[in-house]
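For this one, chain A is given, so just place chain B on it according to the hints.
Protein chains: 2
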Amino acid sequence: MSDSSSTPARWELKKDESYAKCRVFDVRKQHFTHPTRNLAGDFFVLNSPDWVNVVALTPDDGIVLVRQFRFGLQDLSWEVPGGIMEPGEDPVKTGLRELEEETGWQAKTGKLLASCSPNPAILNNRCHFVLATDLHFHGKTAWDEHEDMQAAVFSEATVMDMVLRQEICHSLALNALMYFHAWREGRLV
Amino acid sequence: MSDSSSTPARWELKKDESYAKCRVFDVRKQHFTHPTRNLAGDFFVLNSPDWVNVVALTPDDGIVLVRQFRFGLQDLSWEVPGGIMEPGEDPVKTGLRELEEETGWQAKTGKLLASCSPNPAILNNRCHFVLATDLHFHGKTAWDEHEDMQAAVFSEATVMDMVLRQEICHSLALNALMYFHAWREGRLV
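Residue numbers (this note's numbering), protein chains in the order written: chain A, 1 to 189; chain B, 1 to 189.
Calculated from the structure, these hints are not laboratory results. Heads up, some of the hints might be wrong.
The list treats identical chains as interchangeable, and a pair is accepted whether it falls inside one copy or across any two copies.
Stated by the list, open to error - Below, a list of computed lysine-lysine pairs in the DSBU-like style, where the Cα atoms sit at most 35 Å apart: (1) 108 - 15; (2) 93 - 29; (3) 93 - 140; (4) 14 - 108; (5) 14 - 111; (6) 15 - 140; (7) 29 - 108; (8) 15 - 111; (9) 29 - 14; (10) 111 - 21; (11) 29 - 15; (12) 140 - 29.
For reference, chain A alone in the conformation it holds in the complex:
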């Protein structure tokens, strides 16, 4: 390792006020000052619950994907199932619940593979990646009010191909599949 400079300073939060309420997230206007340089500024941060994304392995080594219209993208998107954590909920519990509600696949077993920061510049939350196994398909979905989705099972090879061809484009679904791939190869620490 070659290190060209020293550890950067941690800015100090001096003021934190609500700026806009947007249902699934709140925008906060936060005033930070630099501890040693004469610098200060207002920064906009999205306050959001944590999210969970699930890689669900079917008994014949398929992966369950969902396809839905995404309002930011204004297009359909293939992704792994997932959703928003309830306060205090365990990420594995959220993951298995969202998997079942979105796809009708019930998993007996789940484990946390990894977590990340969806965007540490503007978001204060985490996204957790859960592996769901021992799956059973009962087909009863329970979509939220605005959900309208397709669920399908693809082979692992096809899913990895969809990642490389960018037919899966959601950054967090890509993260989930990267950690799954590393787990599959025995590289996950």
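Same frame as chain A, but now just chain B:
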């Protein structure tokens, strides 16, 4: 592939108004209706320019990382260099410019590895992943007003280890390194 349902509908955008201006992004309140079901709703979408993240390979196969305080995370974060695209700018140009400004490493060559949607549910932009090669270190950084960062070169093996250990936690930096890893192994299509 086993497909349990049909292609979901594309919702229709009926109204699009500014809701909050947040400097690096704007929040828009958008009214969508479902084309066939009796469903409608207001959705909050962040309008943002595209972003670029750069995997910069030094002559001895090191990777340049930066560490900076992130206001969403309220902590320091190791990431790949990157920044916001100017209107009409080519992602490779943005990537090489941001690399040089943030780290003092100048690259003669750049190529686009892949792109993704940072969050298609709430963001309308793309993030592009650029590979920078033919690097030369001159050490002259040109930070933006609020930038205060450390730059360092790590071996490829160390960077991949930081990914697996979640010492790199920014979803988009993880995406950039995943596509770099696939390119390195000749798997990128």
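Please sort residue 29 with residue 14 into within, between, both or neither, judging by C-alpha distance up to 35 Å. both (11 Å within a copy, 29 Å between copies)
Should residue 93 paired with residue 29 be assigned to within, between, both, or neither, using CA atoms and 35 Å as the limit? both (32 Å within a copy, 32 Å between copies)
Tell me, please, which holds for residue 108 and residue 15 at an alpha-carbon limit of 35 Å: within, between, both or neither? For residue 108 and residue 15, neither the intra-copy (45 Å) nor the inter-copy (43 Å) Cα distance is at most 35 Å.
How would you label the pair residue 93, residue 140 (within, between, both, or neither) given a Cα cut-off of 35 Å? Answer is within: at 18 Å inside a copy they meet the 35 Å cutoff, but 49 Å across does not.
One pair to classify: residue 140 and residue 29, alpha carbons no more than 35 Å apart. Within, between, both, or neither? between (42 Å within a copy, 32 Å between copies)
Is the C-alpha distance from residue 14 to residue 108 at most 35 Å within one copy, between copies, in both cases, or in neither? Classified as neither: same-chain Cα gap 46 Å, cross-chain 42 Å, threshold 35 Å.
My question is about residue 29 and residue 15: at a cut-off of 35 Å on alpha-carbon distance, are they close within one copy, between copies, both, or neither? So residue 29 and residue 15 pass the 35 Å test inside a copy (8 Å) and across (26 Å) alike.
Should residue 111 paired with residue 21 be assigned to within, between, both, or neither, using CA atoms and 35 Å as the limit? within (33 Å within a copy, 40 Å between copies)
With 35 Å as the alpha-carbon cut-off, assign the pair residue 14 and residue 111 to within, between, both or neither. neither (38 Å within a copy, 41 Å between copies)
At most 35 Å between C-alpha atoms: does residue 15 with residue 140 qualify within a copy, between copies, both, or neither? between (47 Å within a copy, 34 Å between copies)
Please work out whether the CA atoms of residue 15 and residue 111 approach to 35 Å or closer within one copy, between two copies, in both situations, or in neither? Classified as neither: same-chain Cα gap 38 Å, cross-chain 42 Å, threshold 35 Å.
Please sort residue 29 with residue 108 into within, between, both or neither, judging by C-alpha distance up to 35 Å. neither (42 Å within a copy, 39 Å between copies)
The structure does not agree with the numbered hints 1, 4, 5, 7 and 8 stated previously, though it agrees with the rest.
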